[in-house]
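Please put together the full structure from these sequences, using the hints given.
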Amino acid sequence: MRLDSPYLDPQVASAYERLAAPSQFATPARDLVALLDVPPGATVLDVGSGTGVVATALAEAVGARGNVVAVDPSAAMLRAAGHQLSRQRVVARTPGLPFRDDAFDAVAASFVISHLASYADGLADMIRICKAAGRIGVTAWGTLPNPAGALWKQVASTIEGSERLGDAFRSAIPWDEWFSSAVHLERALREAHLARVTVVTRELVVSVATDDYIAMKGATVEGTLLRRLLDAERWDRFTRDVTTAFRMQFGDVVEFVRDFSIGIGTKDIRESE
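Just so you know, numbering that gives the first Met the number 0 puts 18 at position 19 of the sequence shown, and the rest follows in order with no gaps.
A hint or two may mislead.
No more than 25 angstroms apart at the CA atoms, straight line, and that leaves these computed lysine to aspartate or glutamate pairs for DMTMM-like [what the hints assert, rightly or not]:
hint : residue 1 : residue 2
1    : Lys130    : Asp175
2    : Lys152    : Asp267
3    : Lys152    : Asp175
4    : Lys130    : Asp258
5    : Lys152    : Glu162
6    : Lys130    : Glu59
7    : Lys130    : Asp101
Pairwise CB distance ranges, derived in the manner of DEER restraints [as the list claims (entries may be wrong)]:
hint : residue 1 : residue 2 : range
8    : Val199    : Asp230    : 42 to 50 angstroms
9    : Ser206    : Ile268    : 41 to 49 angstroms
10   : Gly62     : Arg246    : 42 to 50 angstroms
11   : Gly62     : Asp101    : 48 to 56 angstroms
It should be emphasised that the hints constitute simulated quantities derived from the structure, not laboratory data. Nothing here was measured: the structure is a model prediction, and the numbers come from that model. The beta carbon of each residue, even a glycine, is placed where N, CA and C say it ideally should be.
So this is what it looks like as C-alpha coordinates:
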(Lines of atoms letter the chains of each structure in order from A and count residues from 1; the text may use other names and numbers.)
(Lines give C-alpha, C1' and ligand atoms only; values in the text may rest on other atoms or scores of the structure.)
Protein backbone atom coordinates (compact mmCIF):
# COMPACT_ATOMS: atom_id res chain seq x y z
CA MET A 1 0.00 0.00 0.00
CA ARG A 2 1.36 3.41 -0.91
CA LEU A 3 2.29 6.14 1.55
CA ASP A 4 -0.52 8.32 0.22
CA SER A 5 -3.08 5.54 0.45
CA PRO A 6 -6.61 6.72 1.24
CA TYR A 7 -6.72 4.03 3.94
CA LEU A 8 -4.40 6.17 6.08
CA ASP A 9 -7.26 8.68 6.51
CA PRO A 10 -9.02 8.31 9.93
CA GLN A 11 -12.43 9.14 8.39
CA VAL A 12 -11.96 6.41 5.81
CA ALA A 13 -11.02 3.94 8.55
CA SER A 14 -14.18 4.72 10.52
CA ALA A 15 -16.50 4.28 7.53
CA TYR A 16 -14.64 1.16 6.44
CA GLU A 17 -15.05 -0.44 9.86
CA ARG A 18 -18.73 0.51 10.14
CA LEU A 19 -19.93 -0.24 6.61
CA ALA A 20 -17.50 -2.08 4.34
CA ALA A 21 -16.11 -4.61 6.81
CA PRO A 22 -19.41 -6.29 7.72
CA SER A 23 -21.01 -6.12 4.26
CA GLN A 24 -18.10 -7.10 2.01
CA PHE A 25 -15.14 -8.40 4.00
CA ALA A 26 -16.55 -10.62 6.75
CA THR A 27 -17.45 -13.54 4.47
CA PRO A 28 -14.09 -13.63 2.63
CA ALA A 29 -12.34 -13.42 6.01
CA ARG A 30 -14.18 -16.46 7.36
CA ASP A 31 -13.54 -18.43 4.18
CA LEU A 32 -9.84 -17.53 4.14
CA VAL A 33 -9.33 -18.55 7.76
CA ALA A 34 -11.20 -21.82 7.19
CA LEU A 35 -8.93 -22.71 4.26
CA LEU A 36 -5.78 -21.71 6.16
CA ASP A 37 -6.86 -24.28 8.75
CA VAL A 38 -4.62 -22.94 11.52
CA PRO A 39 -4.58 -25.14 14.63
CA PRO A 40 -5.46 -23.99 18.16
CA GLY A 41 -2.44 -22.45 19.85
CA ALA A 42 -0.83 -21.24 16.61
CA THR A 43 0.96 -17.92 16.20
CA VAL A 44 -0.34 -16.17 13.08
CA LEU A 45 0.10 -12.86 11.29
CA ASP A 46 -2.58 -10.83 9.51
CA VAL A 47 -0.92 -8.54 6.96
CA GLY A 48 -2.92 -5.50 5.88
CA SER A 49 -5.28 -6.20 8.75
CA GLY A 50 -7.33 -3.04 8.32
CA THR A 51 -9.99 -2.97 11.00
CA GLY A 52 -9.26 -6.53 12.06
CA VAL A 53 -11.87 -8.61 10.24
CA VAL A 54 -9.45 -11.43 9.39
CA ALA A 55 -7.53 -11.06 12.65
CA THR A 56 -10.73 -11.53 14.63
CA ALA A 57 -11.55 -14.72 12.71
CA LEU A 58 -7.99 -15.94 13.24
CA ALA A 59 -8.25 -15.26 16.96
CA GLU A 60 -11.31 -17.48 17.13
CA ALA A 61 -9.43 -20.23 15.29
CA VAL A 62 -6.26 -20.21 17.41
CA GLY A 63 -8.07 -19.77 20.72
CA ALA A 64 -6.78 -18.46 24.02
CA ARG A 65 -3.46 -20.30 23.73
CA GLY A 66 -2.72 -18.85 20.31
CA ASN A 67 -1.43 -15.46 19.28
CA VAL A 68 -2.60 -13.17 16.47
CA VAL A 69 -0.53 -10.19 15.32
CA ALA A 70 -2.32 -7.60 13.17
CA VAL A 71 -0.18 -5.46 10.86
CA ASP A 72 -1.32 -2.49 8.79
CA PRO A 73 0.37 0.67 7.47
CA SER A 74 -2.59 2.69 8.77
CA ALA A 75 -2.61 3.44 12.49
CA ALA A 76 -6.16 4.75 11.99
CA MET A 77 -7.32 1.37 10.70
CA LEU A 78 -5.74 -0.46 13.62
CA ARG A 79 -7.29 1.98 16.09
CA ALA A 80 -10.69 1.31 14.52
CA ALA A 81 -10.07 -2.39 15.15
CA GLY A 82 -9.26 -1.80 18.80
CA HIS A 83 -12.73 -2.40 20.19
CA GLN A 84 -12.89 -5.91 18.76
CA LEU A 85 -9.22 -6.86 18.56
CA SER A 86 -7.25 -7.04 21.79
CA ARG A 87 -4.29 -8.84 20.25
CA GLN A 88 -1.01 -7.26 19.20
CA ARG A 89 -1.25 -4.49 16.60
CA VAL A 90 1.77 -3.21 14.67
CA VAL A 91 1.98 -0.30 12.22
CA ALA A 92 4.09 -1.69 9.36
CA ARG A 93 3.94 -2.63 5.71
CA THR A 94 5.22 -5.34 3.41
CA PRO A 95 7.90 -5.62 2.20
CA GLY A 96 9.72 -4.62 5.36
CA LEU A 97 7.74 -6.54 7.99
CA PRO A 98 9.56 -6.07 11.34
CA PHE A 99 9.69 -9.74 12.33
CA ARG A 100 12.40 -12.37 12.40
CA ASP A 101 12.53 -15.20 9.90
CA ASP A 102 10.28 -18.20 10.56
CA ALA A 103 8.32 -16.37 13.28
CA PHE A 104 4.74 -17.40 12.41
CA ASP A 105 2.88 -20.64 11.87
CA ALA A 106 0.72 -19.02 9.17
CA VAL A 107 0.32 -15.68 7.42
CA ALA A 108 -2.88 -14.16 6.00
CA ALA A 109 -3.14 -11.19 3.64
CA SER A 110 -6.71 -10.47 2.58
CA PHE A 111 -7.15 -8.10 -0.40
CA VAL A 112 -3.60 -6.85 0.08
CA ILE A 113 -1.31 -7.96 -2.73
CA SER A 114 -3.19 -5.92 -5.35
CA HIS A 115 -2.10 -2.79 -3.46
CA LEU A 116 1.61 -3.56 -3.45
CA ALA A 117 4.03 -1.89 -5.83
CA SER A 118 5.79 -5.27 -6.09
CA TYR A 119 3.56 -8.17 -5.15
CA ALA A 120 6.53 -10.54 -5.60
CA ASP A 121 8.54 -8.69 -2.96
CA GLY A 122 5.53 -8.61 -0.64
CA LEU A 123 4.93 -12.34 -0.98
CA ALA A 124 8.64 -13.05 -0.43
CA ASP A 125 8.53 -11.03 2.80
CA MET A 126 5.50 -12.96 4.04
CA ILE A 127 7.15 -16.26 3.18
CA ARG A 128 10.33 -15.21 4.98
CA ILE A 129 8.56 -14.78 8.32
CA CYS A 130 6.48 -17.95 7.97
CA LYS A 131 7.77 -21.21 9.42
CA ALA A 132 8.64 -24.09 7.13
CA ALA A 133 5.49 -26.04 6.20
CA GLY A 134 3.39 -23.06 7.32
CA ARG A 135 0.62 -21.71 5.11
CA ILE A 136 0.27 -18.37 3.34
CA GLY A 137 -3.27 -17.29 2.45
CA VAL A 138 -4.28 -14.37 0.22
CA THR A 139 -7.48 -13.07 -1.37
CA ALA A 140 -8.37 -10.87 -4.35
CA TRP A 141 -11.60 -9.61 -5.88
CA GLY A 142 -12.82 -11.28 -9.06
CA THR A 143 -14.36 -10.24 -12.37
CA LEU A 144 -18.14 -10.42 -11.91
CA PRO A 145 -19.85 -7.24 -13.15
CA ASN A 146 -20.75 -4.87 -10.32
CA PRO A 147 -23.72 -2.74 -11.39
CA ALA A 148 -23.44 -0.50 -8.35
CA GLY A 149 -19.76 0.17 -8.93
CA ALA A 150 -20.41 0.77 -12.63
CA LEU A 151 -23.14 3.32 -11.86
CA TRP A 152 -20.91 5.11 -9.36
CA LYS A 153 -18.12 5.38 -11.97
CA GLN A 154 -20.59 6.54 -14.62
CA VAL A 155 -21.74 9.44 -12.45
CA ALA A 156 -18.17 10.23 -11.39
CA SER A 157 -17.07 10.44 -15.03
CA THR A 158 -19.57 13.26 -15.64
CA ILE A 159 -17.88 15.31 -12.91
CA GLU A 160 -14.26 14.29 -13.37
CA GLY A 161 -12.77 12.64 -16.43
CA SER A 162 -12.77 8.87 -16.14
CA GLU A 163 -9.19 8.70 -17.42
CA ARG A 164 -7.81 10.85 -14.61
CA LEU A 165 -9.73 8.94 -11.95
CA GLY A 166 -8.67 5.64 -13.49
CA ASP A 167 -5.01 6.68 -13.46
CA ALA A 168 -5.26 7.64 -9.79
CA PHE A 169 -6.91 4.32 -8.94
CA ARG A 170 -4.30 2.29 -10.79
CA SER A 171 -1.58 4.18 -8.96
CA ALA A 172 -3.13 3.29 -5.60
CA ILE A 173 -4.02 -0.33 -6.47
CA PRO A 174 -1.70 -1.25 -9.36
CA TRP A 175 -2.54 -4.98 -9.53
CA ASP A 176 -6.32 -4.86 -9.03
CA GLU A 177 -7.19 -5.91 -12.58
CA TRP A 178 -4.35 -8.45 -12.80
CA PHE A 179 -5.37 -10.35 -9.69
CA SER A 180 -9.04 -10.37 -10.64
CA SER A 181 -7.96 -13.47 -12.57
CA ALA A 182 -7.67 -16.56 -10.37
CA VAL A 183 -5.10 -17.86 -12.87
CA HIS A 184 -2.84 -14.89 -12.17
CA LEU A 185 -3.25 -15.33 -8.42
CA GLU A 186 -2.22 -18.97 -8.67
CA ARG A 187 0.72 -18.08 -10.88
CA ALA A 188 1.98 -15.50 -8.37
CA LEU A 189 1.90 -18.03 -5.53
CA ARG A 190 3.71 -20.65 -7.60
CA GLU A 191 6.32 -18.15 -8.77
CA ALA A 192 6.92 -17.34 -5.09
CA HIS A 193 7.97 -21.01 -4.73
CA LEU A 194 5.07 -21.98 -2.51
CA ALA A 195 4.13 -25.64 -2.53
CA ARG A 196 0.68 -27.28 -2.66
CA VAL A 197 -0.91 -24.15 -4.11
CA THR A 198 -4.70 -24.14 -4.35
CA VAL A 199 -6.97 -21.33 -5.52
CA VAL A 200 -10.74 -21.34 -5.08
CA THR A 201 -13.34 -18.82 -6.21
CA ARG A 202 -16.31 -17.89 -4.06
CA GLU A 203 -19.26 -15.49 -4.27
CA LEU A 204 -21.07 -13.33 -1.77
CA VAL A 205 -24.24 -11.28 -1.96
CA VAL A 206 -23.76 -7.66 -0.94
CA SER A 207 -26.96 -6.09 0.33
CA VAL A 208 -26.85 -2.66 1.97
CA ALA A 209 -29.08 0.39 2.29
CA THR A 210 -28.54 2.79 -0.59
CA ASP A 211 -27.35 5.64 1.63
CA ASP A 212 -24.92 3.29 3.37
CA TYR A 213 -23.55 2.03 0.07
CA ILE A 214 -22.89 5.58 -1.14
CA ALA A 215 -21.17 6.41 2.16
CA MET A 216 -19.19 3.17 1.96
CA LYS A 217 -18.14 3.90 -1.62
CA GLY A 218 -16.94 7.30 -0.51
CA ALA A 219 -14.59 5.54 1.92
CA THR A 220 -13.06 3.30 -0.74
CA VAL A 221 -9.89 4.09 -2.67
CA GLU A 222 -11.95 5.35 -5.62
CA GLY A 223 -14.20 7.51 -3.46
CA THR A 224 -11.36 9.07 -1.53
CA LEU A 225 -9.35 9.72 -4.68
CA LEU A 226 -12.35 11.37 -6.34
CA ARG A 227 -12.86 13.62 -3.33
CA ARG A 228 -9.21 14.66 -3.56
CA LEU A 229 -9.59 15.52 -7.25
CA LEU A 230 -12.71 17.68 -6.75
CA ASP A 231 -13.24 20.99 -5.00
CA ALA A 232 -16.03 21.26 -2.42
CA GLU A 233 -18.61 22.52 -4.91
CA ARG A 234 -18.00 19.72 -7.41
CA TRP A 235 -17.96 17.09 -4.66
CA ASP A 236 -21.35 18.31 -3.41
CA ARG A 237 -22.68 18.15 -6.96
CA PHE A 238 -21.37 14.61 -7.36
CA THR A 239 -22.95 13.54 -4.06
CA ARG A 240 -26.35 14.86 -5.15
CA ASP A 241 -26.10 13.32 -8.61
CA VAL A 242 -24.94 9.90 -7.43
CA THR A 243 -27.65 9.75 -4.76
CA THR A 244 -30.33 10.53 -7.36
CA ALA A 245 -28.94 7.95 -9.79
CA PHE A 246 -28.79 5.22 -7.15
CA ARG A 247 -32.32 5.94 -5.94
CA MET A 248 -33.61 5.65 -9.49
CA GLN A 249 -31.80 2.37 -10.25
CA PHE A 250 -31.78 0.57 -6.90
CA GLY A 251 -34.41 2.19 -4.70
CA ASP A 252 -33.71 1.86 -0.98
CA VAL A 253 -31.40 -1.18 -1.12
CA VAL A 254 -28.33 -1.86 -3.24
CA GLU A 255 -27.83 -5.56 -3.89
CA PHE A 256 -25.33 -7.33 -6.12
CA VAL A 257 -23.02 -10.35 -6.21
CA ARG A 258 -19.23 -10.14 -5.87
CA ASP A 259 -16.78 -12.92 -6.54
CA PHE A 260 -13.38 -13.32 -4.94
CA SER A 261 -10.49 -15.76 -5.07
CA ILE A 262 -8.65 -17.33 -2.15
CA GLY A 263 -5.14 -18.61 -2.72
CA ILE A 264 -3.37 -20.90 -0.26
CA GLY A 265 0.23 -22.09 -0.48
CA THR A 266 2.62 -23.90 1.84
CA LYS A 267 6.16 -22.74 2.55
CA ASP A 268 8.52 -25.35 1.20
CA ILE A 269 10.78 -26.76 3.89
CA ARG A 270 13.73 -26.18 1.56
CA GLU A 271 13.05 -22.43 1.64
CA SER A 272 14.15 -22.38 5.30
CA GLU A 273 17.36 -24.31 4.77
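Hints versus structure:
Taken as a hint, the Lys130 and Asp175 pair is broken in the structure, with Cα atoms around 28 angstroms apart against an allowance of 25 angstroms. Of the pairs offered as hints, the one joining Lys152 and Asp267 is violated, with about 43 angstroms between alpha carbons and a cut-off of 25 angstroms exceeded. Under the criterion of a C-alpha separation no larger than 25 angstroms, the hint pairing Lys152 with Asp175 is consistent with the structure, at around 16 angstroms. The straight-line distance between the Cα atoms of Lys130 and Asp258 is roughly 30 angstroms, outside the 25 angstroms bound, and the hint therefore fails.
This hinted pair checks out: Lys152 and Glu162 have alpha carbons roughly 11 angstroms apart, not beyond 25 angstroms. Distance check on the hinted pair: Lys130 and Glu59 sit about 21 angstroms apart at the alpha-carbon level, within 25 angstroms; holds. Under the criterion of a C-alpha separation no larger than 25 angstroms, the hint pairing Lys130 with Asp101 is consistent with the structure, at around 4 angstroms. Evaluation of the 42 to 50 angstroms hint for Val199 and Asp230 yields a pass: the beta carbon distance comes to about 45 angstroms.
For the pair Ser206 and Ile268, the beta carbons lie near 44 angstroms from each other, so the given range of 41 to 49 angstroms is met. For the pair Gly62 and Arg246, the supplied restraint of 42 to 50 angstroms holds, since their beta-carbon distance comes to about 46 angstroms. At about 22 angstroms, the CB distance of Gly62 to Asp101 disagrees with the hint of 48 to 56 angstroms.
Figure legend: structure checked against the earlier numbered hints; hints not met, in rising order: 1, 2, 4, 11.
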